[in-house]
Amino acid sequence: MDKIEQMKNLINQIYIHNHNYYDLDSPTISDAEYDKLYYSLVDLEKQTGVTLANSPTLRVGGQVLDGFKKKTHPKRLYSLNKVRSEAELKSWIDDMEAVHEGAQFTVEYKFDGLHLVIEYQDGKYISATTRGNGSVGEDVTEQVRTIRSVPLEIPFKGHLFVEGEGMMTNSSLKIYNKHSDEPLKNARNAAAGAIRNLDPKETAKRRLDFFCYGVLQCEGKNFASQVKIHEFLTQNGFLTGDYFEVTSSISEIMHEIKRVEAIKDKIDILIDGLVISLNSTAYREDIGWTSKFPKWAIAYKFEAQEISTTLQDVIWQVGRTGKVTPIAVLEPVELAGATVSRATLNNMDDITRKRVSIGSRVFVRRSNEVIPEVLGLAERAENAKEISEPEFCPCCHSKLIKKGPLLFCTNREGCVDQIEGRITHFATRDAFNIEGLNDKTVEAMIDVLGVRKPSDLFKLEKQDFLKLDKFKDKKAENLYNSIQKSKIIDLNKFLFSLGIGEVGSKTATDLANRFGSLKAIKEAKLSEIEAVSDIGPIIAKNVFDFFRDPANLSEIDALLEAGVQLRNPKERNFASPIAGKKFVLTGTLPTMSRSKASELIMENGGEVSGSVSKNTDFVLLGENPGSKFDKAKALGITMISEEELLKMLNM
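Mapping the sequence shown onto numbering that gives the first Met the number 0, position 512 (from 1) lands on 511, and the numbers just tick up by one.
Quick caveat, the hints were computed from the structure, so don't treat them as lab data.
There could be a bad hint or two in this list.
[Said to hold, decoys possible] Straight-line distance between alpha carbons at most 16 angstroms, and here's what the computed EDC-like set of lysine to aspartate or glutamate pairs gives:
#1 Lys466 x Glu442
#2 Lys265 x Glu244
#3 Lys68 x Glu162
#4 Lys474 x Asp463
#5 Lys353 x Glu388
#6 Lys109 x Glu4
#7 Lys70 x Glu162
#8 Lys540 x Glu501
#9 Lys486 x Asp455
#10 Lys518 x Asp548
#11 Lys89 x Glu251
#12 Lys505 x Asp533
#13 Lys580 x Glu602
#14 Lys81 x Glu302
Could you build the full structure based on these sequences and the hints that come with them?
Set out below in structure tokens:
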């Protein structure tokens with residue numbers, strides 16, 4: 000196939016996917032896969048010097064739907080050129096500085112939503128329009144009127160057109176999907192589908208937001224810079240995403256890129272990169288536009304976090320609590336720097352809602368080190384096979400029971416997968432921290448040495464380990480010593496090791512600090528457990544019930560009889576100036592770790608929370624803070640440094 004034919008083929012594919020994405024709001028490939036097609040076309044156009052008349056590189060956006068009234072924009076809308084590496088970004092910066100040496104650049108979120116233009120006259124909301132093809136969009140005035148963060152009245156009284164993104168926050172998506180019969184694939188599609196729905200009541204159900212970043216036209220005003228535009232938008236009550244930086248060099252911009260990329264999965268807004276623009280509007284006029292995008296702005300795209308691949312099978316796994324969960328077996332695919340071949344499917348209800356089937360293509364998302372998750376169906380195969388729910392445990396073949404949407408194996412003492420899971424969890428770093436006790440060794444201990452409970456580990460002698468495959472004298476001695484050494488353990492780590500439902504290491508620490516001893520926790524009333532900061536009614540009930548189960552109490556007694564010694568937390572100083580105050584920590588502190596700072600706060604009667612809320616008293620701020628800083632700033636929470644904390648404690 001010659002290059003012109005390749006270009007025609009790519010254009011045909013891109014138009015199909017554009018139609019699915021923009022007009023139907025139902026993409027069948029991920030953004031990363033679309034970009035690969037698009038930039039393959041761009042490369043061929045560069046190689047041949049030919050741009051075909053119907054090339055998507057010549058136009059912006061999608062077709063206007065016939066179901067909506069068409070509306071012409073006051074000015075042409077442009078898309079953004081994109082870069083994906085520091086070298087590409089530096090080349091663009093060099094081009095800008097060649098024209099205006101010493102120029103400043105603004106850095107803002109690249110929102111992943113639906114582009115909207117909103118009109119105001121005499122301070123009143125008048126209309127809203129989608130981007131459409133860049134010149135003509137769809138009138139979605141009544142739909143956008145339902146968006147809670149779109150001001151219906153603003154201080155500025157002239158004729159005004161602003162542009163931004165209609166979006167569904169991740170938290171709103173989670174709430175919606177929890178109560179929806181058919182879950183939404185992602186926040187971007189959720190927003191697009193809501194706004195381009197002919198019934199505004201359906202739009203309102205999705206609790207959208209509007210994040211504003213530009214002024215398209217403003218009667219009687221000329222803005223000298225993006226800083227002034229940003230200030231104007233904020234003063235008139237528009238959300239801007241609580242992130243805006245002014246930079247002067249590639250090193251400063253790359254610092255921002257790395258900082259935001261590290262925290263992007265914790266931000267409630269869906270972003271897929273950062274937008275870097277010349278700050279000066281006069282400089283922008285000098286630099287100009289191409290037919291498709293402004294030359295004075297660029298989008299730095301983050302590494303793909305979502306992609307589509309084929310669902311090859313679903314296997315069911317038994318966890319340490321007996322919960323049986325489905326795992327998606329995928330055609331291996333590269334995603335966020337790793338090869339992904341398995342992903343999470345929460346339960347059968349989740350499978351039904353997402354409409355996934357074996358043999359079909361599915362969307363998969365990966366966030367940093369978090370296990371990938373199947374988001375939903377991309378494209379159903381003709382020979383797709385439906386997924387069935389198991390009746391019997393895949394490990395011990397016991398009859399499964401159902402609690403709500405979840406399946407459980409009740410054969411606690413005889414299901415090897417459960418036993419292995421409990422012992423492996425017991426030995427982890429945040430629990431007993433038994434070095435050398437990995438999954439394979441635990442499996443061998445169960446099979447060869449008859450280990451059934453964590454307390455059985457402390458009954459083993461060095462010579463027992465010599466019965467295991469590949470265990471010789473030194474290795475056996477090391478593991479035996481590691482088990483013996485682990486017997487002295489902090490109360491919080493002991494609580495975590497027990498595997499209480501939903502109790503992570505932080506909750507275990509909160510319980511240890513609040514009650515001070517195992518005896519006090521065992522005897523605590525349900526209301527007393529619920530009163531512990533950051534512990535809700537479900538976790539409190541799990542803790543309360545755990546210590547009333549005879550089998551659990553028997554295992555705890557066996558551990559203590561085997562020589563396990565608990566170190567209770569230090570007595571807390573409730574006469575301290577920070578006693579009763581709630582702290583949140585973010586960023587890197589100058590002289591101590593965040594865990595050490597948390598310990599110091601709790602020793603002096605304070606409380607440490609993992610999230611900022613209106614009840615937070617102080618945010619302890621270090622270098623390179625995350626999204627907690629942005630939320631604290633928005634809520635007006637007092638922020639203090641490590642030095643200020645130490646002064647408060649007279650240290």
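Verification of the hints:
no. : hint            : in the structure
1   : Lys466 x Glu442 : holds (13 angstroms)
2   : Lys265 x Glu244 : violated (19 angstroms)
3   : Lys68 x Glu162  : violated (19 angstroms)
4   : Lys474 x Asp463 : holds (12 angstroms)
5   : Lys353 x Glu388 : holds (15 angstroms)
6   : Lys109 x Glu4   : violated (34 angstroms)
7   : Lys70 x Glu162  : holds (15 angstroms)
8   : Lys540 x Glu501 : holds (10 angstroms)
9   : Lys486 x Asp455 : holds (13 angstroms)
10  : Lys518 x Asp548 : holds (15 angstroms)
11  : Lys89 x Glu251  : holds (12 angstroms)
12  : Lys505 x Asp533 : holds (10 angstroms)
13  : Lys580 x Glu602 : holds (12 angstroms)
14  : Lys81 x Glu302  : holds (12 angstroms)
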